[in-house]
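Protein sequences appear in the order of chains Y and R.
By my numbering, the letter at position 156 of the first sequence is numbered 156, and the numbering carries on one by one without gaps.
By my numbering, the letter at position 385 of the second sequence is numbered 385, and the numbering carries on one by one without gaps.
It cannot be assumed that every hint is accurate.
The following residues of chain Y were derived to be distant from chain R, with all beta-carbon distances above 10 Å [as the list claims (entries may be wrong)]:
1) R117
2) P159
3) V185
4) H214
Covered stretches of chain Y, going by a simulated chain R footprint (3 or more residues, C-beta under 8 Å) [stated by the list, open to error]:
5) 60-66
6) 199-212
Here are some, though not all, of the chain Y residues that point toward chain R, as calculated from beta-carbon distances under 7 Å [unchecked claim]:
7) Q23
8) C221
9) T223
10) P224
11) F239
Worth flagging that the hints you see were computed from the coordinates, not collected in a lab.
C-beta atoms are modelled at their ideal positions from N, C-alpha and C, and glycine is treated no differently.
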Amino acid sequence: MSPPAVQFAEVSASRGGRTVLRQVSLSVAAGQTVALVGRSGSGKTTLLRLVNRLLDPDSGDVLVDGLSTRAWNPVDLRRRTGYVIQDAGLFPHVTVAGNIATVPRLLEWPSARIEARVDELLTLVGLDPAVFRGRWPDQLSGGQRQRAGLARALAADPPLLLMDEPFGALDPITKGELHAEFQRVQRTLHRSVILVTHDMAEACLLADQIAVLHDGEVIACDTPANVVAANDVRVTSLFGELRLQPEATPRVNP
Amino acid sequence: MNELLTFIASHRAEMATRLGEHVVLVAASTAIAAAMGIPLGLIAARRPALARPIVAVANLAQTIPSLALFGFLIPLPYIGGIGTRTALVALTVYAVLPILRATITGLQGVPPAVVECAVAMGLTPRQVLRQVEWPLALPSIVSGLRVAVVIGVGTATIASAIGAGGLGDYIFRGLAMIDATVILAGALPAALLALTADAALAAAGQLADPRRRSRRPVAVLAVVAILAVMTAVSGRASAGRADLVVGSKNFTEQVVLGELLAQAIERRTGLTVERRLNLGGTAIAHEALLSGGIDVYVEYTGTSLTAIFKQPPSADSEQVFATVRDRYAAHGLTLLPRLGFNNTFAILVRGDDVRRLGMKSISEVAAQATWKAGFGYEFLERPDGFKGLSAAYGLSFAQAPRVMDLNLIYRALAAGEIDVTAGDATSGLIGALGLAVLDDDRHYFPVYDAAPVARASVMLQYPAAALAIRSLAGRVSAADMQQMNFAVDSEKQEPATVVRAFLDKIGGF
């Protein structure tokens, strides 16, 4: 059996002298989507950044395809790992096509192949190539930027995709569209995905497994159904917030 | 305006040379400053701990007044002396800060999320810098370059004070001659140059902006055209070194005397002479002589005695000459025979006041308690200047004397901004502006006999030049000097023309 796409083995990490992760062990099977959920400061983003070596752990090990990240050449590791963040982080001085072509160009693909790949990806994420190739990032809506960011992350066909609250800044309708888009893309591509989110509904919708982080520890890791059914108050409180939020909006004056 | 056009037309070749010198000074110093400031900015942006000291040093350098900076630099080996090299060092110092700051600002303005994505996509640190940080910081860096160039064009006019040439020559010459046309002949091209260079860089900045790709051909053409003009202009500025370099300080009489030495040598020998006139003061001229930036200039014995050799002033002409000659000899410099006139300080007032009050001598100034005095900086500082004068005559004024530029002081007096000042006894402006010289009835002012001082080695190398200078001994009277000063200051004649007529008149050259 092939090794897990990503495996965290008793990983501890600190940022600015504060311990953010304590002895975290977690495994992401190839082709699966794992959502990391938890409150702000619970260590979700830190855990994600250990995978492509934007950060290094204090102790323990992160294995990507069975090989410690310390043993990977960081540039090689990153070029096979797609990375999508909130607001996409597109290069503002490069067109949408240029942004998507970044990694293929670094890999020195022939230009015809790059052109074809850009069109293919734009179509995949639901942006019309004829319209969007030459657009500049500041000419895109939030949802379009996120789609372009996803296309850029997928450009060199990376087996692993890291997503840090990719849909966090979007309005509910756009978010819904992008969720559907993501599911459609995943049905086609079957990438290994780690998705950081504080939106439990999003986690339940998109993930095969949900890992709940609390104060730097993984307190639950299971299928969405089992996580929802858990008794742990630290887990259910996350759902509690989720349930309260929509009800708060149509408040009736007494 | 017509006068300006006439002046430009008659000085076409010289103006092209000065403009060329100016362009070379600014272009070279900005290029060097960019080569220093941009990498320093990169380092500072990477290591915030270093940014503070780096910017602090650059800030400090920026606050040094330009003439003071030139003064510091002149005695230094390698980067000092007078002429283009020192000017380049000073201009570079001033250009570094805006470029450094703009680089740091530009790099700090790159959104962290964009850099993070670039790293996460597997760009190496070098690729992140070249493909992401550099292009995003470039507009800011270009604006820093534009600031540096505009500052540089302005500051380079002051480089004239240390003999680096440039358009400042006209500004200083015009100030010395109190001739707005000549000042404009320097200031107007400098302003146009600043605007042109700024526009060229703005166009270059557009080239760097990927959003305006469609305008590229136009911008390329503009940049190429401007570069071509600048290269053509600067090509005219380069020339070989002459046999001798004659210097002068920065007032009319000194320029005339510098021209006098130069023409005397040229007319009596076959040597080529370069003129580095308008050096910014006694200290700069002396240092220039010591460092070999110039080979000869005319100094006044009393000035040498007190300002250079820090000796108490004296009224004994022969004794002062002998003392100064020996002191110069110890520095490898030769004091040549005196030209014939004594340019002592003259206490000046308006002719109207003299007639109204029936004034004759300096001792009567003490009674004018409400008078305002204004003096040149040097006069206020020198031991034989204002301090000694006020003690000798018991002078006290309602307000402390104003410090004024030597070139503006006569006009300030004529305009009534001040009531009394100290000027040169041989100034042509005394007559031209209706001023009067008060009698030094207590014999306070020491002698200031004009005498050429030269590098001994150069006089040995070119005995014919030494002989030509010696032939001027005793040939220039105070009246001659006043006349020549008047011809330049008031009749707006060229110093070269005036000196030519004078040498023709006295004969032997």
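Okay, which hints does this one fail, numbers in order?
-> Hints 5, 6, 7, 8, 9, 10 and 11 contradicted; others consistent.
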